[in-house]
Each structure stands twice: as C-alpha cells, then as structure tokens.
Amino acid sequence: MSKGRYGIHGGQYIPESLMNEVNKLEKAYEHYKNDPDFIRELDQLSREYAGRPSLLYYAEKMTKDLGGAKIYFKREDLNHTGSHKINNVLGQALLAKKMGKTRIIAETGAGQHGVATATAAALLGLECEIYMGKEDTIRQALNVYRMELLGAKVHAVETGTMTLKDAVNECMGEWARRTEDTLYALGSVMGPHPFPMIVRDFQSVISREARAQILEKEGKLPDVVMACVGGGSNAMGMFYEFINDDGVKLIGCEAAGKGIDTNETAATVNTGSLGIFHGMKSYFCQDDYGQIAPVYSISAGLDYPGVGPEHANLHDSGRAEYVPVTDDEAVNAFEYIAKTEGIIAAIESSHAVAHLMKIAPTMSKDQIIICCLSGRGDKDVAAIARYRGVDLHE
Amino acid sequence: MSRVKEALIGKKSFIGFLTAGDPSIDKTEDFIVEIANAGAAIVEIGIPFSDPIAEGPVVQEANVRALSAPGGCTTDMVFDMVGRASKKVDVPLVLLTYLNPVYKYGYERFCAKCKETGVDGIIIPDLSYEEKGELLEEANKYGIDIISLISTNSGDRINMIAPEATGYIYILPSEDNVAEGELSGKLLETVGRIRKLTDTPVVIEFGANTPEQIARYSDIADGIIIETRIVKLIEKYGADAGKHIYDYVKKMVDSI
Chain H
1 MSKGRYGIHG GQYIPESLMN EVNKLEKAYE HYKNDPDFIR ELDQLSREYA GRPSLLYYAE
61 KMTKDLGGAK IYFKREDLNH TGSHKINNVL GQALLAKKMG KTRIIAETGA GQHGVATATA
121 AALLGLECEI YMGKEDTIRQ ALNVYRMELL GAKVHAVETG TMTLKDAVNE CMGEWARRTE
181 DTLYALGSVM GPHPFPMIVR DFQSVISREA RAQILEKEGK LPDVVMACVG GGSNAMGMFY
241 EFINDDGVKL IGCEAAGKGI DTNETAATVN TGSLGIFHGM KSYFCQDDYG QIAPVYSISA
301 GLDYPGVGPE HANLHDSGRA EYVPVTDDEA VNAFEYIAKT EGIIAAIESS HAVAHLMKIA
361 PTMSKDQIII CCLSGRGDKD VAAIARYRGV DLHE
Chain G
395 MSRVKEALIG KKSFIGFLTA GDPSIDKTED FIVEIANAGA AIVEIGIPFS DPIAEGPVVQ
455 EANVRALSAP GGCTTDMVFD MVGRASKKVD VPLVLLTYLN PVYKYGYERF CAKCKETGVD
515 GIIIPDLSYE EKGELLEEAN KYGIDIISLI STNSGDRINM IAPEATGYIY ILPSEDNVAE
575 GELSGKLLET VGRIRKLTDT PVVIEFGANT PEQIARYSDI ADGIIIETRI VKLIEKYGAD
635 AGKHIYDYVK KMVDSI
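For the protein sequence lines, the chains are H and G, in the order given.
For the first sequence, the positions run 1 to 394 when my numbering is used.
For the second sequence, the positions run 395 to 650 when my numbering is used.
Simulated from the structure, these hints should not be mistaken for laboratory data.
Which bits of chain G does chain H cover? Going by a derived footprint, with three or more residues having C-beta under 8 Å, they are:
hint: 1; segment: 517–523
hint: 2; segment: 540–548
In silico BS3-like links for lysine-lysine, alpha-carbon gap of 30 Å or less:
hint: 3; chain 1: H; residue 1: Lys-24; chain 2: G; residue 2: Lys-580
hint: 4; chain 1: H; residue 1: Lys-97; chain 2: G; residue 2: Lys-580
hint: 5; chain 1: H; residue 1: Lys-258; chain 2: G; residue 2: Lys-498
Backbone N, C-alpha and C fix where the C-beta goes; we use that ideal spot for every residue, glycine too.
Turn these sequences into a full structure, and let the hints steer you where they fit.
And the structure:
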C-alpha cells in the first residue's frame, strides 16, 4: 500500500500528471518542517500577522445557563481573516515561496479558505486564483468581493453541483495543467498524501495551544474536545494533540442538513460509505454505483461529500465520535451563542455549538468541554436572516 | 499477448472514444459498431461518473448528459450493452472509468464482469502507479489489461511505469500535446524514453483534428486518440450521430 495511510484510509489516488508534484511537495515539506528559518518565519507570521495564540475563552454565561459542564471556546474566529483557515494557508504559502512557486491556487466553499489564501498571497507576493462553486459564489457573494479586493482572481465553477466538490475538481484539473509555477494550497485535511498530513500539522497549533491553555487555567485536561467537521481541518487541528490523552473524548459534528434520513444531508460519516475520491480512500456520500452524491447543508463550508482520511480512521478505531447536526439545530445555536455570549460564530462552528448545547447539561459541573469556534459568523448573517424569513440581502 | 496489445502492435491505429449512455445506452451500442466498422483498432468506452476530474469540459458534459438521461446510466447497464456490442465487433473494447465506481462495484466482480462481457482492458485516470495494487491481482486473474498512463511531465517515473505496462501506454494530453497539434520536444522525449524500456504500444491522446496533424502524430505513436471529437459529434447530432461518426473515423483512419 502507498504512502499517507491512516488505517485503510488515505493514499494517493490521483492522475499521473499530478504525481511528480505531490512527491515534490512532500519532499519540500519534509525538509522545511524541520528547517529553523521556516519554523521561525511561520511562527512570526502566526503571532504578528494572524494574531496567535488564539484565546481559550471561558463561556461563563453558557456554562450557567446550560447548567452542566464548564464550557471553553477556542477562539479561532478571532484570527486574522476570521477563521482557522489562516493557520494552514500561511504555512502552505510560505512553503510555496520556499519551493520557488510564484502562484497559488485554492478551492473554497464558504469562502473562508479562499479569503485566507488570497490574504496570504497578497502578503507574500504570490499570484492567486480561487475556484469556488457558482452556487457558493451566490451564497457568499461578499467573500467573492473580499478575495478580489485582496488581488485574487475568483473562478465561479459551473460544473456538477456547482459547490465545494466541483471547486476541488476544477482546482485539481488546473494544477495538473499548470504545475511548473503553481502550488495547490488545499484547504482541508483531505485529498492525496501529503495534503492531509500537511494541513493537519499546520492546524495542530489549535490543540497545541488549547492543551497548554487548559492545563494552565484548570490544571487538568478537558473531558470533551469538539469541533465541526466538513473536510475536517479545524476538527483535526483541535483533536490532534489530544488523541493520545485517553480520557479526552473527541467529538466531530457533521452537517446533517435537513436530517440524516433525508437526501439533503452532508453527514459523511453517518450516512456515507467507503470510497475512493479526490485522491483518498475515506467515507463518501455516494450511491450504490459509486456516483458521488449531491450533498446539502445550510453551511457552504461543510457542504462536502467526503471527510479527511484521518477522521475516517478515528471513526473506525472509535477514538472519535461523529454526530449529525441539522440546519435547524445549527441556526438555533447560531442565535443562542450570539444572545448568550455576544459571539457571532460561523454557521459551520454553530454545528459544534448545537451539539455542545445537547451534551453540556448531561455532564457534571466539574467536567470540562473545549469547543472550537472555527470562524466568525459575519458572513452568515444575511443567510440566517433569510432562513428566518427576513428578506435581507447583502 | 493480450488482445489489446495485439490490435496495436506493428501498425498505426486510430482509437475511438465515446461516453456510454450519451444520448442513450442503445445508441452507444450502435455507435461502437460504427466506430469499429470505420476501421478503429480499439474502442474506448467511458462509464459516466459524477466527477470526472481528469476530463475536459466536452467529456464532462457528456458524463452529465449520460447520467441525467431518462433511466440514467449505471455500470450494470454499460456492461449489458458492452456484452451485446462485443458480439458485433472484432476489435478489443476498453472501459474508461474512475476508481470509485470500480471500488464500489467490487474489484473482483468488476473484473469478472469485464471478462464475461468481452472487455479487454480498463483505463482509470485516478489510479496512480503507486495505487495500482488496488486491483492488479483481480485484473490479472481475469486477463484484463490495466492501461498505464504516462504524462509528458512524468520524467523519471517512466522508468518504473513503462516496464510494467500491459496492453498499451496511454500518453495523457497536457500543454505539450493538446494545443495546436504540433509535436513538442517534451512529447518526443517522453515517447523516446518509453520505447527504450518496452515494446508495449504507445497511444497518444491530443487535441488535433486535421488529417495532416494526425499524420504527424502517428509517425511517432502506435495509436492516436482524440477523446473529444466523437463525443462532440454525439453532442451535436444526438441519436442521429452514427453516420457522422463513421465518416469521421473513416477519414482519420485513412489519414494515418
């Protein structure tokens, strides 16, 4: 079996025209991840540009209101560009520069990874092109303009379901066509090896910080660590340093859309089956003949028919639990955390908050939950208003 | 020697490609017969996939048409049709599909079905050399060639891919061979390297469309394939494309 395996998952199932590039990327990454200059530069960018470390915030009001476990939020929403995506993108953009590339391309769903990529490209002087499903360019029109402001060119992808998976298809195709000067900065812990590993490593700063912060604040490890899961990058970052802490329960919250018993869902682990797609073996929403299903979620960032291979393996081994959260539950949580804590969280992150609202009351007061707030929700306000029947457009 | 290799070795050939189920599975059967009768050495048949990441827009749209046609187009429908078509033509038939439909169908079941219906080879664009082990054993068991893919940017990877290649080697289109149908140095170098390592026939896919361009490519390759042309004729003429396909393939075969 090939490289980059997580149990039976992962691998490198990609066209021959990309193989040399992923091998070059792996080699470069293996070198630079131990290079003192690279480490120093990335650390400096993370601190002085992105605003790390992010806060570990004690949500006292929610803790009291829900009446159970002590609730902490890891505030990735406070990072520059408003989500955890910047952690990975600064790493990949810096890597691109070190590799002598002058151009980066990326897919985006909600636009958060696209905005982060465009931002890093502007800062580091790289040419940048973003592929975004046409459907998503409509749902997240502000983010399109934001990326253009940052100097990126945005391609509206009109193939297939015109969402995130189609943007990934186009981006892979574009990379295969033009490898010489271009690096594909994949936004999640998915795709062919080495991407799941690289993105996880760059995102693991989330749990590295959170683990130290909670030990300092509480003098003990949390009982539950949780995050939303689309492809799974913020969750992998949030889980990683806790995987070997046996007492810490890991929970990934998937987008169930209108429910896992409907066709309008994106809950891959809960409704999907084993497959091989986008370069990896993992779980996918698909039909009996292996056609990838048109998934649905109110959240453009979780609207993806697959899940990263390391998550698939954490599911297989039982180390992490993956639970479905519906649109309705997520929107309720979006409103609840806004009113209770004064935090407008991304609709993606609100999926994790929704599940937290279910489990916190069932836990005792000396137990601790850390939930990752992967992004801020300004981008979602208009869509939530429309969901509630308010005719509001950006 | 496999039927696929035998069909190509020692001559210059044209290979036809079409997407199954566009505009209907019955028409695909007729079109395969037209392509074979017009003199193509092999017919490649695409099993439509929801996300054909390695295809350009023309074939992508054919996939969408096939999957959204009344009744759709499933792997079983393609096998049933190929089973009928293979009895009407003498040339080898090769299926082009992505790995997920094969994985989901079951590697053993898929390869057994290939043998049963008269399929001689399979091309899987997202099955890298590194992952070939996925279904090599099953393919060998049923005598199905897994066609190896090489790109003009494969470089030293040719040294490991070419010696193990069976059936034929498929050179993928890239900037070096899609644009104007001119032979690039990189393409010549790639073919040259392959020739030193194996006698497995070399088939080049490219975007040229004039007889003069065809002749230039067929000078260096054993076979040529223009993936989009027949698909475009089907897009334009639908169920009535048969005659047009025959004329086109005949013209190409004659100019090689």
